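My request is simple: use the sequences and hints to build the entire structure.
Top line first, the protein sequences correspond to chains A and B.
Read in order, the letters of the first sequence correspond to residues 1 to 226 in the working numbering.
Read in order, the letters of the second sequence correspond to residues 1 to 829 in the working numbering.
For the record, the hints were derived by calculation from the structure and aren't laboratory data.
From a predicted model like this one, the values you see are computed outputs, not experimental measurements.
Heads up, some of the hints might be wrong.
Simulated restraints, written as ranges between beta carbons of each label pair [what the hints assert, rightly or not]:
| no. | chain 1 | residue 1 | chain 2 | residue 2 | range |
| --- | --- | --- | --- | --- | --- |
| 1 | A | A122 | B | S17 | 23 to 31 Å |
| 2 | A | H26 | B | L737 | 34 to 42 Å |
| 3 | A | K205 | B | R443 | 31 to 39 Å |
| 4 | B | G18 | A | G172 | 25 to 33 Å |
| 5 | A | G172 | B | R814 | 29 to 37 Å |
| 6 | B | L348 | A | D77 | 23 to 31 Å |
| 7 | A | V71 | B | R382 | 23 to 31 Å |
| 8 | B | H383 | A | D27 | 26 to 34 Å |
| 9 | A | S31 | B | L737 | 40 to 48 Å |
| 10 | B | R382 | A | E180 | 24 to 32 Å |
| 11 | B | V445 | A | V71 | 56 to 64 Å |
| 12 | B | L370 | A | D27 | 35 to 43 Å |
No more than 25 Å apart at the CA atoms, straight line, and that leaves these computed lysine to aspartate or glutamate pairs for DMTMM-like [claimed, not checked]:
| no. | chain 1 | residue 1 | chain 2 | residue 2 |
| --- | --- | --- | --- | --- |
| 13 | A | K205 | A | D77 |
| 14 | B | K158 | B | D121 |
| 15 | B | K374 | A | E78 |
| 16 | B | K374 | A | D87 |
| 17 | B | K225 | B | D238 |
| 18 | B | K374 | A | D79 |
| 19 | A | K205 | A | E217 |
| 20 | B | K374 | A | D75 |
| 21 | B | K162 | B | D192 |
| 22 | A | K123 | A | E161 |
| 23 | B | K225 | B | D84 |
| 24 | B | K162 | B | E88 |
| 25 | B | K156 | B | D121 |
| 26 | B | K632 | B | E592 |
| 27 | B | K374 | A | D59 |
| 28 | A | K205 | A | E135 |
| 29 | A | K163 | A | D175 |
| 30 | B | K374 | A | D77 |
We treat Cβ as the ideally placed atom computed from N, Cα and C, and that holds for glycine.
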Amino acid sequence: MSAPVLLVSSLSKTVNGPGGRLQLLHDINFSVNAGERVAIVGASGAGKSTLLGLLAGLDTPSTGSVHLDGVSMFDLDEDQRARLRGDNISFVFQSFQLLVNLTALENVALPLEIKGDAGALAKARKRLHEVGLAERIHHYPSQLSGGEQQRVALARAFVTEPKLLFADEPTGSLDSNTGEAVIELLTRLNQEHGSTLLIVTHDDKVARYCQRTITMEAGRIMESQA
Amino acid sequence: MNGLRLSLRMLRRSWRSGEIQILFWALLIAVAGMTAVEAFTDRVQQALENQASDLLAADLVLQSDHPIENAFVERAQELGLQFDFKTEFPSIVTAGDTLQLGAIKAVGGAYPLRGHLRISDDIGAAAVATTQGPSPGQAWLGARIWSQLALDAGDKIKLGAKTFTVTAVLWQEPDQSSNFSALAPRVMIHLDDLAATALLQRGSRARYTLLLAGSPSQLSGFRQKAEPLLNPDQRLQDIRQARPQMDIALERADRFLALAAMVSVVLAGVAIVSASRRYLSRHLDACAVLRCMGASYQTIFTIIAGQLVVAGMAAAALGVALGYGAQFLLGQALAPLLPGQLPLPGWLPGLGAFLLGTVLLLSFALPTLLQLRKVPALRVLRHDLGNLEAQGITVYALGMAVVAVLMVWQVRDILLVAYVVLGVVMAAALLYAAAWIMIRLLRAVPLKNGYGWRLGLRAMTQRGSDTARQLTACGIGLMVLLLLALIRNDLLGQWQASLPDKAPNQFLINLLPDQQQQLYGLFDQHEVERPLLHPTVRGRLVAINGEDVSKVDVDGDHAGQGRSTRSLNFSFSSSEPEYSPVVAGRWWSESESGLVSLEQEFAQRIDARIGDLIRINVAGVELEAEVANLRKVEWESFRVNFYMIFSPDVMANQPVTYISSYYQPETARRLLRDIVAQLPNVTLIDVGSMVTQIKQIIDRVTRTVELVFIFTLGAGGVVLFAAIHATLDQRIRHSALMRALGASRRQLNQANLVEFIGLGLMAGFIASAVATVVASVIASLLFDLVIIINPLVWLWGIILGVLLVSMVGFSATRHVLRQPPWQVLRTLD
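Structural data, given as structure tokens:
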């Protein structure tokens, strides 16, 4: 196995709730190696999404650290973290999170354009072709079905050749057939691009596509199995 | 720059989805309104002042008690100003064996520089206009002295050492004095003949005037250079100082137009706040996604704010173009009414309005846009994070201050801007508070019957702070419209009322007590309504409460030109004057004595209060009276008015003459001749031409005000639209959800109807209340008007509120109800 692309140490998160302090995550420790496909599973409220937010540097922990490719994320400021994400990470969301004002092509090209890539549109076109949407590149999100929107989101996620891809319930808004097709596509693209995949899901079927499963319960890792 | 390119790309779509359009239209209307009003009023102002200058026969005059020094003439020449002279003095006119005292006026060849004279060949002939005075050797005489000397055209008269040929009856001069205190009948001659009369020697009493005409910059240049050279007996006057009546009319018109323009700016500000809020709330998810993709805050800000800025600048630029177009059309529409060619508008109003538009956009959108910083990337996972916070009005303080500074620069009236800004802030606070109270009250209403009703009312009360904000925005829109309508009606109404069709056009002075019946007889004979005669006594104000006031300037602004600072016309009366109502204290009864009534502004100038003892000197006799009340006087009404009216006992046994102003129809011109012939001691002053000129100006200003009002209406409409659209997404989502849950279209229509009618009703009600208060304050502080609020305003406010809000609301939500709810929900996700 190669060196860990993601190293999580003693991570915890506490928030102030109406009933006092609430610990959402307790002392989380694990690592993910490059090229690995890992599923984080658990029931609603187990802390999966909170963990994902911290792993991706979208939120800050109460204690602990996350190293991405050797860089300690929480030693960076917000803009530096954003740049780190832009260079290394991509996301796929349950609710697709496409920008309604941009076409499929423009949505896919967006992360490259933010980085100032001159060939953004050509690369985006190629990715859309890969996900089978070559005919629909000029459609706006509202003109696409749910499955199609998620395929656009996949194309967008892979267009930057990310080291690490986070997927948050990627099939949660889709029917089972479409969901399965999307997860197959996600796995295929992951293999082709050699990126590391971390999927948060409550669906065991989705977890089966991964090499390792981390199970969470009440903010703790209960088991980690290959 | 990537951010900007992305921003432009998103702008196309944002525009099509309508998010940016409201902001665009609000700015477009505000900038167009400001450009049009400023460019147009600039032009009209110039034209009006040109016309008003007719009343001075020049744009600017320098008056002096001794011959004008060459230094002034040289300055005028340096600046390229047009100039000429006139010299006025009293002298005896001889025609054969008859002698008469005449007011001699010697004028140069270019006189009058503005306006025209009216003359006729004979006393019975029709008068014609001319733009030149008499040629050397000729004399033109006023109708009265013409009759008194029994002249015919071609007769000779003698003035001092020179003989003149009488060639015309002089009916009207542009610079006819409104001062009737010591006016003899007019004799006009050419200035070149003055020396030959040998009438003016060193020390002779005469008034020398340098008349000047030119562009505003030439005139202000002259003012700057001439002011340090002025002697104490010399003064510079333009139309505003010379004719306070005109000043009042022009100043009010200026203020109203500026107010209307500023109101469209303020309305645009409100619309921008509403529109930018909705715009940003629709971009919160995009911000979070961009953040996830590694975009820096600066890039995100450029992408999101860039769209608004680009659209706003385009709107401002188009607004300037539209404004110039509109002012051109306004000019065309008014062209037949305006004297001569309207001067071309300058580029400054356009530049000013563009800047104002840009600043307006930045100031009012920026506080909302800055909330972008608070949108966390985590929002991609947790939708409840980073929603827009409610913002208080203080957030906009800096923006309002900047806009206020620019407005001051545009309209050059710091007081007006201060009142508008303070008024809007206070009105907004009042509206917000009232809205909160009403929402609280509505929450307490038990809802039993009708599902649609319940849905509608609950929607309003549940979105409490949104509803309050919406009510405030709608309320401001409505309030401003009502406010402007109220002030406009009163302003126009009072202008028209101050100069009715039969406004007095003749002043009559020096009538002796035993001539009253004879005068009435003449009026009856010519079938002209008998005039109201006011007794008058000349005297001086000596002391107040025993303290010497002989040094106090009693003239103030309304005294007209040339009045002695201490000599005044007093009157006495047992009854309160009809046109000059008591505003403090009370009028005296028949049994009371030793009292005096003061005009309120005069009282302020001499620092006299009710209960003070006033001492006057009449023909060497000192008289005392206690101040019983203060009166208000409409100085622009052309009626006889007095600073001081005494109870009759005070003036008993004093030498009284009578004074009157009356309306003489054009058909009764011979009345004038008969009065002059039969009552030779009486002096008549024809102010008809002045009244006509002022009436024309008021008519024109009225039309301008009406046209400019249309812009403000447009701005008000956009505000309402923006306010309703601000919560449109919530409303649409709610409707779609309700439909998905089985609510019928009818039920939802009913719910929307209840909500919109409720919103309109409350906004209209609150707006009427606030408008009533603010209108009274503005009217009295800025326009010196006492507004009598028509109770129908409340009705109109409510009807307008309900109609406009329902119409805008329905047009926005109607199409949503026709679409399948699933599609709507997906579009919004």
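So, going through the hints one by one against the coordinates:
The hint said 23 to 31 Å for the Cβ distance between A122 of chain A and S17 of chain B, and at roughly 28 Å that hint holds. One distance hint, 34 to 42 Å for the beta-carbon pair H26 of chain A and L737 of chain B, holds here, with the actual separation near 37 Å. Between K205 of chain A and R443 of chain B, the C-beta spacing of about 48 Å breaks the proposed range 31 to 39 Å. Our hint of 25 to 33 Å for G18 of chain B and G172 of chain A holds, since their Cβ atoms are close to 31 Å apart.
For the pair G172 of chain A and R814 of chain B, the supplied restraint of 29 to 37 Å holds, since their beta-carbon distance comes to about 34 Å. The hinted window of 23 to 31 Å between L348 of chain B and D77 of chain A is violated, with their beta carbons roughly 46 Å apart. For the hinted restraint 23 to 31 Å between V71 of chain A and R382 of chain B, the CB-CB distance of approximately 25 Å keeps it satisfied. Taken as a hint, the range 26 to 34 Å holds for the pair H383 of chain B and D27 of chain A, whose Cβ atoms sit roughly 28 Å apart.
The hinted window of 40 to 48 Å between S31 of chain A and L737 of chain B holds, with their beta carbons roughly 44 Å apart. A beta carbon spacing of about 27 Å between R382 of chain B and E180 of chain A agrees with the range 24 to 32 Å that was offered as a hint. Separation of V445 of chain B from V71 of chain A is about 59 Å and conforms to the stated range, judged on CB atoms against 56 to 64 Å. The given range of 35 to 43 Å is respected by L370 of chain B and D27 of chain A, whose C-beta atoms sit roughly 38 Å from each other.
Note on K205 of chain A and D77 of chain A: the hinted pairing is violated, with a Cα-Cα distance of about 38 Å set against a maximum of 25 Å. As the CA atoms of K158 of chain B and D121 of chain B are separated by approximately 19 Å, the hinted pair is consistent with the 25 Å bound. Taking the CA atoms of K374 of chain B and E78 of chain A, the gap is near 12 Å; set against the 25 Å cutoff, the hint holds. Distance check on the hinted pair: K374 of chain B and D87 of chain A sit about 23 Å apart at the alpha-carbon level, within 25 Å; holds.
With a C-alpha separation of about 15 Å, the suggested pair K225 of chain B and D238 of chain B falls inside the 25 Å cut-off, and the hint holds. Between K374 of chain B and D79 of chain A, the direct Cα distance comes to roughly 13 Å. Compliance with the 25 Å bound is thereby established for this hinted pair. A hinted pair counts as satisfied when its Cα atoms are at most 25 Å apart, and K205 of chain A with E217 of chain A qualifies at roughly 19 Å. Of the pairs offered as hints, the one joining K374 of chain B and D75 of chain A holds, with about 20 Å between alpha carbons and a cut-off of 25 Å not exceeded.
For the given pair, K162 of chain B sits about 12 Å from D192 of chain B by alpha-carbon distance, which is consistent with the 25 Å threshold. For the suggested pair K123 of chain A and E161 of chain A, the alpha carbons sit about 11 Å apart, so the restraint of at most 25 Å is met. Under the criterion of a C-alpha separation no larger than 25 Å, the hint pairing K225 of chain B with D84 of chain B is consistent with the structure, at around 18 Å. This hinted pair checks out: K162 of chain B and E88 of chain B have alpha carbons roughly 17 Å apart, not beyond 25 Å.
For a cut-off of 25 Å, the pair hint linking K156 of chain B to D121 of chain B stands: about 15 Å separates their Cα positions. Note on K632 of chain B and E592 of chain B: the hinted pairing holds, with a Cα-Cα distance of about 22 Å set against a maximum of 25 Å. Pair hint K374 of chain B plus D59 of chain A holds up; C-alpha atoms about 13 Å apart against a cutoff of 25 Å. Between K205 of chain A and E135 of chain A, the direct Cα distance comes to roughly 30 Å. Violation of the 25 Å bound is thereby established for this hinted pair.
Note on K163 of chain A and D175 of chain A: the hinted pairing is violated, with a Cα-Cα distance of about 29 Å set against a maximum of 25 Å. Of the supplied pair hints, the one linking K374 of chain B and D77 of chain A holds, its CA atoms being roughly 15 Å apart against a limit of 25 Å.
Hint compliance for this structure: hints 3, 6, 13, 28, 29 are broken, all remaining hints hold.
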